[in-house]
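Undergrad: If you want the building blocks of each chain, they are given just below.
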Amino acid sequence: MTATILTITSGKGGVGKTTATANLGVALASMGNSVVCIDADIGLRNLDVVMGLENRIVYDLVDVIEGRCKLRQAMIKDKRIENLYLIPAAQTRDKTAVSPQDMVKLADDLRPNYDWVLIDSPAGIERGFRNALAPADKVIIVTNPEVSSVRDADRIIGLIEAEEKGPGMLVINRLKPEMVKRGDMLGTEDVLDVLAVELVGVVPDDEAVIVASNQGSPVVLNNRSIAGKAFENIARRLSGEIVPFTELDAGDNLLSKLSRLVRSGGD
Amino acid sequence: MENKPVIKGLKDGLLIQLPDGEWEAVQSGLLDILDTQAAFFRGADVTLDLQSFELGVIALSELRELFLEHDITLHAVQTDHKPTTFAAADLGIKVIHSDDNLKEPDFESELPGDPAVLLRRTVRSGQTIHHPGHIVVLGDINPGAEIIAGGNIVVWGRVRGTVHAGAMGDENAVVCALDLSPTQLRIADKIAISPERKGRPRPEMAVLRDQQLVAEIWKSDRKII
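Listed in order, the protein sequences are those of chains A and B. With our numbering applied, the first sequence covers 340 to 606. With our numbering applied, the second sequence covers 246 to 470.
Hints listed in this document are in silico derivations from the structure and should not be mistaken for laboratory results. All of these numbers come straight from a predicted model, not from anything done at the bench. Any given hint could be a false lead.
Capping the alpha-carbon separation at 30 Å, the derived lysine-lysine pairs in DSS-like fashion look like this [claimed, not checked]:
(1) Lys468/B <-> Lys443/B
(2) Lys435/B <-> Lys249/B
(3) Lys443/B <-> Lys515/A
(4) Lys249/B <-> Lys327/B
(5) Lys416/A <-> Lys444/A
(6) Lys443/B <-> Lys520/A
(7) Lys504/A <-> Lys339/B
(8) Lys515/A <-> Lys568/A
(9) Lys515/A <-> Lys416/A
Below, a sample of chain B positions facing chain A; criterion: calculated Cβ distance under 10 Å [unchecked claim]:
(10) Ser370
(11) Asp385
(12) Arg403
For glycine and all other residues, C-beta sits at the position ideal for the given N, C-alpha and C.
Bound conformation, chain B alone:
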């Protein structure tokens, strides 16, 4: 039974957690993820959680090559296995340990819901935010900024930069904003440029309908979902 690698958000970057299984199968699952989600990872600091796998210099070096072929920098590996740690250090790959407390806290909650990251600031030109879940911003997204989410993007402010919801292929993802005027908007693999704004801004939600990106103005009498 193949388990796929799991992608999680870290305080400043992304974590790919390898599943259990035979190394061959796991490596092929990892390759799969890199092939299909390359766009999502680009520009992010990626850490690879090796779990219980014990890798030497050659295997680690091959992994790094694999990432580079997809234009992704392997920022660090997570392992508690000493020889693997030394091998990584030899290659100049940063090593973190499982008790380094970087993962998002698993929140125990009776309410159903998905992990989301909330930023309470304006995202400036040149800044990129990646998260495999949902991203909520209390603030503006300035032109030149990029928000890339595996899930939905909700902005209580102005979107004037580039936003990509459903970046890992979820065509049901949406982008909501009080002022939706992005430089470029993407949901899954569809791209759109916003049309010239007429009049003052209104809250809108961008969705993929019949493979077309449309923006719907919020109306008080219409159901959102």
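This is chain A alone, in the form it adopts within the complex:
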């Protein structure tokens, strides 16, 4: 077993990195993989809350790195899903407590024993992001179909490419197809136009995500949720399965479809 180290990042805050990490962790584990999720957002930890594991934190990432505990002691085993673990972030420290080299060593220690290591990156482009990126084999960039989010995603992709970890795979989160049809929201194509990286998933906006988050039960466990289904599809694609994108995912603006027809025909 050699784990794939997957870092989930975005640039912009609040676009759905933690939600994506939690749900992809659960989805991949449900498919039979052994998965470790690591919360790299030191000082502003959230992954534990979203996964419903906050009450069971004894040791955290910084404890491991500073040698106060063994790696296994900080790994919280999920009681719902087999072979899913969380290493939470420290809440009382900040990003300077950890270095990129520390993260690379941690990933190397985990690599032989698991199938996937998912790293939830903090927002921003500074130390926290660099810590999360350092050990990555693959990177997922999460963006909302919204201009400032796309701008930040472009910046982060540039930085990822400069670190030779690129180009990364894109998840468009919180798409509202109705708004796209009305021309009030960027569609999938509009986003890909700017970011020009491989699309690995489109997750529609779904109220069930907020409910799930509050309950500490990742939405992928809810089989009536369209967002949950989308995360499941992403996990399948990450595992090498070909899962076609639906029309819902395309979120194409009807007008842009028509104008494309006209453009190719004339002038």
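Please arrange chain B on chain A, whose structure you already have, making use of the hints.
TA: Here is chain B on its own, set in the frame of chain A:
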């Protein structure tokens, strides 16, 4: 006879090559360039080719101050003179040697033309490209990206970032793009914001006409120059 410092492009940054002459005159020529072209250098990694000048710690330190006063970081000096190398190392300034092969190859060609750099990729938000000559991009310039050329800028793609042609004062410089929708466009010292796009994009060239920045749509029957 005063020779001005020569500005060249490097693989990742700019090179200012000092001319021959008396140190006083050369320093004043350098100051001149920094004063007039500060905007062009800002944000770039600047290397100073000291040529045959031998400088000690004090002179080098003064040079570094000079650059800092213009908001430019002296990234490195190029010298083959040992004492100068040690002086630079003492100050923490990077040193490169003339055989480090960083300069652009001098292309020998029978065809007339100017040096240009060609990038075959999309330039992303937060990335900056500086070049004293012309810049050609096969790809897009995303919002938040900056292209700064002493010469012309030609983009076979979309310009949605900031572009500055003729950044060292050439008012005849132009910006061409298949889709010219920059966040901000500058030629020499004139600035313009692009108007709201109507309809689908067409190839355009932005020029300075009578001190005004205008964008002209390419028409097959009109001569470009």
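Undergrad: Hint by hint, say whether it matches the structure.
TA: Cross-check of the supplied hints:
no., hint, in the structure
1, Lys468/B <-> Lys443/B, "24 Å, holds"
2, Lys435/B <-> Lys249/B, "25 Å, holds"
3, Lys443/B <-> Lys515/A, "26 Å, holds"
4, Lys249/B <-> Lys327/B, "25 Å, holds"
5, Lys416/A <-> Lys444/A, "21 Å, holds"
6, Lys443/B <-> Lys520/A, "20 Å, holds"
7, Lys504/A <-> Lys339/B, "27 Å, holds"
8, Lys515/A <-> Lys568/A, "15 Å, holds"
9, Lys515/A <-> Lys416/A, "35 Å, violated"
10, Ser370, "4 Å, holds"
11, Asp385, "8 Å, holds"
12, Arg403, "8 Å, holds"
Hint 9 from the list above is the single one not met by this structure.
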